[in-house]
Amino acid sequence: MDFRRGFHDGLAIGLGYLSVSFSFGILAVRMGLSWWQAVIVSFANLTSAGQVAGIGIMSASGGLIEMMVSQLVINMRYSLMSISLSQKADSSLNTAGRFMTAHFITDEIFGVAYSRPEKLSRSHMFGIAVLPVIGWTSGTLLGAVCGAILPAIITEALTIGIYGMFVAIVLPVSRKDKAVMTVSIIAVVLSVIFFYVPALKDNISSGFAVIICSVIAAGAGAVFMPKEEEING
Amino acid sequence: MDNSVFFPLLIVMVLTTYLVRAVPFVLFRKKITNPHVRAFFNYIPYAVLSAMTFPAILYSTGSVIASAAGLICALVLAWRGKSLLIVAIGTCLTAFLASLVLMLPIF
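Residue numbers (numbering that gives the first Met the number 0), protein chains in the order written: chain D, 0 to 232; chain A, 0 to 106.
Because the hints were derived from the structure by calculation, they are not lab data.
Just so it is clear, CB atoms sit at the ideal spot from N, CA and C, and this is done for glycine as well.
Heads up, a few of these hints could be off.
[Stated by the list, open to error] Just a few of them, taken from the derived set where beta-carbon distance is under 8 Å, the chain D residues facing chain A:
{"#": "1", "residue": "Ser22"}
{"#": "2", "residue": "Ile39"}
{"#": "3", "residue": "Gln70"}
{"#": "4", "residue": "His102"}
{"#": "5", "residue": "Val191"}
{"#": "6", "residue": "Ile192"}
{"#": "7", "residue": "Lys226"}
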């Protein structure tokens, strides 16, 4: 019962993931991954921004520490979602159940699981996750295959798609929340400085630059614009 | 990509991403109430996405001008609150059309 309801909740998420991961697949093959490498990355990580940063580090043959720190910072928000879900978990989500379902905590799955009034069970979590996992993995496969066979002028245009989606995630929230707008602008300005100042560009890889820019921007926001209210995904 | 580069980085990536989710899920049973900590967690995804998008989006297609056209389209559609899919399609299409125009002999 819990599983079926979750499965139904997961449908819209799965369809949304199909298009985002299609863009990820295109980007991945353009960055030098093979189609099956792109698919493994998606299946095993189930996260958009972390994967885009991750394949950037892979294509630059970056270090293991750089990879670890970047995933830690970029995916840090999942820790807060995990803590929030922890409050809602019923007894079926014992320690083993939590280890089994933790992989499925994404922004959207958290949003759906957290918005339900009742307690969260293990089978509900599995139910919500099925279609998003299938959508995320198969979208990556489609994108990677299309990226490999379509002519360059089309794949080059499609590569910009995932960045367009990132704009579509940040801008509507920034428009409503001045604090998010301020943090985003600080991050952009820092990122532009890291990209164009030769002394910084030559010595700091793009993976570390993203970490430094986002920690400074979010840190400044946290100090000067603290949040009292509940965070909903 | 060479597997000797791919797999070590993949393993570190997957382990880190999994543990970031699993460890707090298993260990923490109490809410975070500190408003500064809450704010930091709330802002970090937007900061990350902003830093990853700019200026990388300008170099994502073959030409900076075509990418800039796509970026402007993304900003307009996203500001109007269009869905991820619509914004993505509009951005790709604009970049594609701009790159076609740039191939005209007058440029």
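Hint compliance check: list the failing hint numbers for this structure, sorted ascending.
As far as the earlier hints go, only 6 is violated by this structure.
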